[in-house]
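K.L.:
Got chain A; can you put chains B, C, D and E on it based on the hints?
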Amino acid sequence: MTEKIGLSPGTAVYTGYIEEKEPDITIVRYDAANIEVGDYRSLDEVQRICSGLDDTTKSWIHIEPISDSGTIARLSDFFGLHSLVVEDILSVNHRPKIEEYDEYSFIIIKYAQYEEGELIFYQIALVLKEKQIISFADKSPNKFDMVNKRLEKADSRIRKGDSEYLFLALIDYVIDHYFLVLESISEEIEELEEEILYNPTKESIEHVHHLKRNLMNLKKSIWPMREVINTLLQSDRIKQEYHIYYRDVYDHVIDIIDIIEGYRDTISGFLDIYLSTLSNRMNEIMKTLSIIATIFIPLSFLTGYFGMNFKYETILESQSAYMWSNILMISIPVALLIYFKLRKWF
Amino acid sequence: MTEKIGLSPGTAVYTGYIEEKEPDITIVRYDAANIEVGDYRSLDEVQRICSGLDDTTKSWIHIEPISDSGTIARLSDFFGLHSLVVEDILSVNHRPKIEEYDEYSFIIIKYAQYEEGELIFYQIALVLKEKQIISFADKSPNKFDMVNKRLEKADSRIRKGDSEYLFLALIDYVIDHYFLVLESISEEIEELEEEILYNPTKESIEHVHHLKRNLMNLKKSIWPMREVINTLLQSDRIKQEYHIYYRDVYDHVIDIIDIIEGYRDTISGFLDIYLSTLSNRMNEIMKTLSIIATIFIPLSFLTGYFGMNFKYETILESQSAYMWSNILMISIPVALLIYFKLRKWF
Amino acid sequence: MTEKIGLSPGTAVYTGYIEEKEPDITIVRYDAANIEVGDYRSLDEVQRICSGLDDTTKSWIHIEPISDSGTIARLSDFFGLHSLVVEDILSVNHRPKIEEYDEYSFIIIKYAQYEEGELIFYQIALVLKEKQIISFADKSPNKFDMVNKRLEKADSRIRKGDSEYLFLALIDYVIDHYFLVLESISEEIEELEEEILYNPTKESIEHVHHLKRNLMNLKKSIWPMREVINTLLQSDRIKQEYHIYYRDVYDHVIDIIDIIEGYRDTISGFLDIYLSTLSNRMNEIMKTLSIIATIFIPLSFLTGYFGMNFKYETILESQSAYMWSNILMISIPVALLIYFKLRKWF
Amino acid sequence: MTEKIGLSPGTAVYTGYIEEKEPDITIVRYDAANIEVGDYRSLDEVQRICSGLDDTTKSWIHIEPISDSGTIARLSDFFGLHSLVVEDILSVNHRPKIEEYDEYSFIIIKYAQYEEGELIFYQIALVLKEKQIISFADKSPNKFDMVNKRLEKADSRIRKGDSEYLFLALIDYVIDHYFLVLESISEEIEELEEEILYNPTKESIEHVHHLKRNLMNLKKSIWPMREVINTLLQSDRIKQEYHIYYRDVYDHVIDIIDIIEGYRDTISGFLDIYLSTLSNRMNEIMKTLSIIATIFIPLSFLTGYFGMNFKYETILESQSAYMWSNILMISIPVALLIYFKLRKWF
Amino acid sequence: MTEKIGLSPGTAVYTGYIEEKEPDITIVRYDAANIEVGDYRSLDEVQRICSGLDDTTKSWIHIEPISDSGTIARLSDFFGLHSLVVEDILSVNHRPKIEEYDEYSFIIIKYAQYEEGELIFYQIALVLKEKQIISFADKSPNKFDMVNKRLEKADSRIRKGDSEYLFLALIDYVIDHYFLVLESISEEIEELEEEILYNPTKESIEHVHHLKRNLMNLKKSIWPMREVINTLLQSDRIKQEYHIYYRDVYDHVIDIIDIIEGYRDTISGFLDIYLSTLSNRMNEIMKTLSIIATIFIPLSFLTGYFGMNFKYETILESQSAYMWSNILMISIPVALLIYFKLRKWF
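Heads up: the protein sequence lines correspond to chains A, B, C, D and E, in order.
Residue 337 in numbering that gives the first Met the number 0 sits at position 338 of the first sequence; the count goes up by one each step and never skips.
Residue 242 in numbering that gives the first Met the number 0 sits at position 243 of the second sequence; the count goes up by one each step and never skips.
Residue 217 in numbering that gives the first Met the number 0 sits at position 218 of the third sequence; the count goes up by one each step and never skips.
Residue 303 in numbering that gives the first Met the number 0 sits at position 304 of the fourth sequence; the count goes up by one each step and never skips.
Residue 278 in numbering that gives the first Met the number 0 sits at position 279 of the fifth sequence; the count goes up by one each step and never skips.
Chain A extracted, bound-state conformation:
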């Protein structure tokens, strides 16, 4: 964000971490009967194809990646997007949000990926027009392959449906990926629990800390989706017949948030278990030390006592003294051990 301070709002600067690269542009033109899919690289081709669209054909244009801000800005311009929208597409650290314009609805959504304990978010921007969907993704789940497969089936609901239905399918696909992430995290939590209960190390607590932060980020990226979908439902852009599908996605969002909250609760408890395990272990160590010390310290005193060199220390010269001292040295630890046993020290 730093480099943007003082710039006029709406300045298009890419803020992500993917190296600059010309975007792949996939254009899907379809109706219930026909479908045509093509990959393009130049703006001219896109312009040519888009201007050739007739009134009945629906289209979906997918652009990925978006690291080349110049091209993205020109494409957005061609599609008639507001300069603030272009800025939002390119600054990839936005929270999910929705903005309603006269000609189109614009939403930002986060695609979450979890690999080797690292949680990465890719921002996906979706534009919904009357008969057209435009999607900008820093990275998308396999370029929405599953949605593509469903599109290929002629006469499927997605082919016959309006753009709103495809729009929903894209959102649904991204959100369903959260369940995958949560599954990985769930496994990690189970391992961590095992570890903390039976073999806690210093690293465990770092792990707890790390997981907590991941869950926090996950929640931050899904939480605003509630509002996004709600706003969509209240807008006029979505026909009544699709409301039920949007509500279904809404339910998934709520489920995800619920699961995250549950995990957070579970993890919070881990610290308590960890600390009490440490305390327990400390107690045990101290107990052992105490028992050994308590038994041997008096004995050492006795040996010291009988090792004194007084010239007139007659006790050492008594014949039975040695025997009695041995008896004493056996009975003291036995007595103490019995005493400890009774006080339930071990």
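Keep in mind that a hint or two might mislead.
Because identical chains share one entry, a pair is satisfied inside a single copy or across any pair of copies.
Unchecked claim - The calculated lysine-lysine pairs, modelled on DSS-like cross-linking and capped at a C-alpha distance of 30 Å, are:
{"hint": "1", "residue 1": "142", "residue 2": "128"}
{"hint": "2", "residue 1": "201", "residue 2": "340"}
{"hint": "3", "residue 1": "128", "residue 2": "286"}
{"hint": "4", "residue 1": "128", "residue 2": "238"}
{"hint": "5", "residue 1": "310", "residue 2": "152"}
{"hint": "6", "residue 1": "138", "residue 2": "152"}
{"hint": "7", "residue 1": "138", "residue 2": "310"}
{"hint": "8", "residue 1": "20", "residue 2": "130"}
Treat the hints as calculated values from the structure; they're not laboratory data.
P.N.:
Chains B, C, D and E only, in chain A's frame:
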């Protein structure tokens, strides 16, 4: 959920853990005067019976278990349920919810069972139509035996009442089972408290953790019922005369949530007690160790001192030295013990 | 609650702990000028008296205890109460609530009693009709003696006022008893604070735990009263002129909740104090032990050193060695003590 | 509160701690041009003066203290206040509140005083009528001296303004005193922080506890002022032109609450610092003890070993043994110290 | 605030820490085509220039610093600002807020600066009139240099736009500076995390405490901006076409609050890590001490035993005793080490 990513919404996949099995279908046809109960297995029979229903007869169809997704989907189709509803019936990890359709109301509710410390939830889906109730259960409390018994009494309120009243009776029955679960948990909490106060072990803290999680899950499965019943009350489907009964169930839900919250509070306190018990015990161990060490360490020094082998160490040759050393070795521990007593160390 | 699962809603079962006993029925008939108080036991007498009431006489019927569910059910029937109301009267573990019926308002309120550290709640059910109040109590504060005394004064506001005013007086009386309970708890908290600051034992933490739970229960029993009174104020049953008195009671409820919250905060702090006191004490013990050990361990080494039996250990044969060893053994502890003093260990 | 249980609402009983004393009654009669200030003691004089007021003269009557409940009740009666208002004036443990009557607005506000770590609240009751303000104070900040001084200036805004403006000035004056209290507390917090960071004692934690409670009470006494002022703004009694001044006071209240919350946060952190300081100190003590013990215990073993009295222990008879033993006894501690240094134990 | 108690509201007193100094007054007069920037010091010049403004010219007057309350008051008077507004401009510890007057909108906003761990806020007051903006700053980010640069470009949006757009640019500039502060804090947090995980000292916990307080202050200074911008959007003063830009700034505010919350969560976890690291270290120290003590204490007993001086202690005279004692003294520590290894003590 994983296997469902990318599928079109409304795909019917069973997500529970009960092995695939053809459902038992119980059909109850009743009015104030007559009742007929039958068990069926084939869709054809169900179709035949349902199409034979006249206008005055109320019916309740109970289907359990729902692990055979194909049959369930066909049955739901026959009853005219929306494909999203079928999906909801089969994915058994939903939170309780209500959905209003033109022809029917659809609710999901959780039946909680607590056995040997394990809390299991079975999802029950209820459909309320004008004169018909359809219930899909992964597992229900003895197939609603108590409700059945009440149904068998001719001229009882449940027989004379509309479908809404039977619908309520089913909900009420499931919710009342929560009190049973809470009773078991309450007993466990009492035992746990005893244990933590008087004999805490490492397992106690795991137990606390386990109970906390169970209560959290319990709350998650009952909390949304508030909204479910509220929505039912605001809908037109429930006649005014039954509102008071629904409000009564609502009160029970609130009571259950209250009790759960109380238990959670109580359990939260257990950790504090546990840690302070550990600290206390540690203090006691250290005190004992300190007292013994403090008494014997100086004595050992003395015996060491009198055990030195200096050739010109005249003190050892004095006749009274031995006596005085003994007096010293008795008076030091006595003095220290008095000192400790005064400082209230034990 | 257990035994009620599956029963039809509205089944009258007593769930309290008072042994079954025929209720005492006190009937007060009064207007500004006259008052008549009578105690009855049989339903017939009640019926006879109630049917003899003319239009200008106000009446208050108090029934206590309610452990005999049969009689209570018959009485309620006679007074025209709904079966769900009867159920509520008899299941004495309800949270306070209000229910509005066409003919009457029904509220449940908790009378709190605190004796020897035990907090007990008795449920009181009040029914407000046009000219009649019916109160069912498991146990009431001395059968509302103070209200009775005020009733005995002719031309007092309570005698001249409508039933709503007496109704208010009963609620007010029960709620004001909370202040008594809070006073006892306040004293206990002060004692506990003293104890935890200057002489904490293992029992202190149990005491904290116990108090916390009592306060939680107290709050749960008064919190819903806010809504109860608010609903009363919004209903038409209470004439405008009495609103100010109901608001005054509302203020008392808020005050009670405030005080409870304050106590909870205070008690939460106790645990911190307790743990830090334990830590402090541990530190002190360890300090003492460390100082003694640190002083005597080197000394013991020295005596050991000079107690070795080497044949060619000429140092022991030197004449001044004994003197020097003594000097050494005095200077080492002195030096260490000075060092500790400088590092402020004691 | 105890003694009031069962009394009819509106009974006037003084619940404060100031000894019974006839109130001083100050009457200020003023308009833009003239001002007349007088002190009175008898109700008769007050009646005489108040009845002599003409239509254009504004008046302010200040009554302090209010421990003589009889006189206060008579005065309130004279001013036409409702019996519940009188009760509120006299029970000085109310939370701030506002009550709107047809003839007047009545508010309760708390004047906070902080002296030597003790936080005391005095209740001030203000009555706003058309052209008259009546203030009842258990104790006020120097009897509102600063407001008086502003009143003395002819043609000042306060003299020209309506009663609402003087009313506001009184409220403002009381609320601004909270900043003084917060300043004292702020200084105390800074001292406490210093103490806890560099020299924590057992008293520190009591101090933290004490401050927390003071802040909690402070918040409880200012928090309801938000609602009081909001209600005033929504009522018709305050002319539009004064709204901006009331909003200004509202802002001050919000500022005070903000500051209190900040202080509470800061103080909460103190406990963590305290406990970690204790832990740190413990660690240091144990480290020192461990190092000394670890060095000398093996040495003591050696001296013991060489001090054994075996007849056939030839090692003691070797000529070089003494030298070697000394070398051993020097190298062992040196080796251990190097080892500890490498493990960064000190 | 102290010195202001009892003063009439609206008294202009400067409460900041910058020494009294005549303000620099920068006046920018511009339209799409022309721009004129001048620095002035005397009120007369300002008056002369402002009265010379024609209807089409927009102007921005920036005044910094504001420590000379007399001049500021006179300037404000000249611009027709309410006395309460002047008071707010000068008391620089206000929380951000907005106030709507008939002629102008007045907002307070905080400019945050973070230098060497110290977070400083400077208050900036902005007044938006029809064609004029007046800004009062205790200190501004380089006197809004970046905004000035954008202003210098002829035909830029900021030059062509209405005053609302420049107003927005000023707000945007101040708010974007928060990202800079957050970046510095983020780096600090990362360093702190490293430190706490691998090398925690007593200072770390002070650092945590310090950072927490900074974040709390940061949040307090940005949180109310949500309301400020919301109110601006609901007012009529901002033309519809600029709403989208204001919403963009609103999004930034939300982003900042989100980031702050995330940091707070992260920092909260640090204390847990710190304490568990301390506990871990303690455990390790105790373990080492225990192992050494447990090994050598029995050995010392043995040497003591064999060092006793009994005259009739025949064991010492046996020829093989010495050898056996040596074997014993080797086997005991070996056995204990194996035992510890099996119990996984090290």
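K.L.:
Going back to the hint list, which numbers does this structure go against?
P.N.:
Hints 3, 5, 7 not satisfied by this model.
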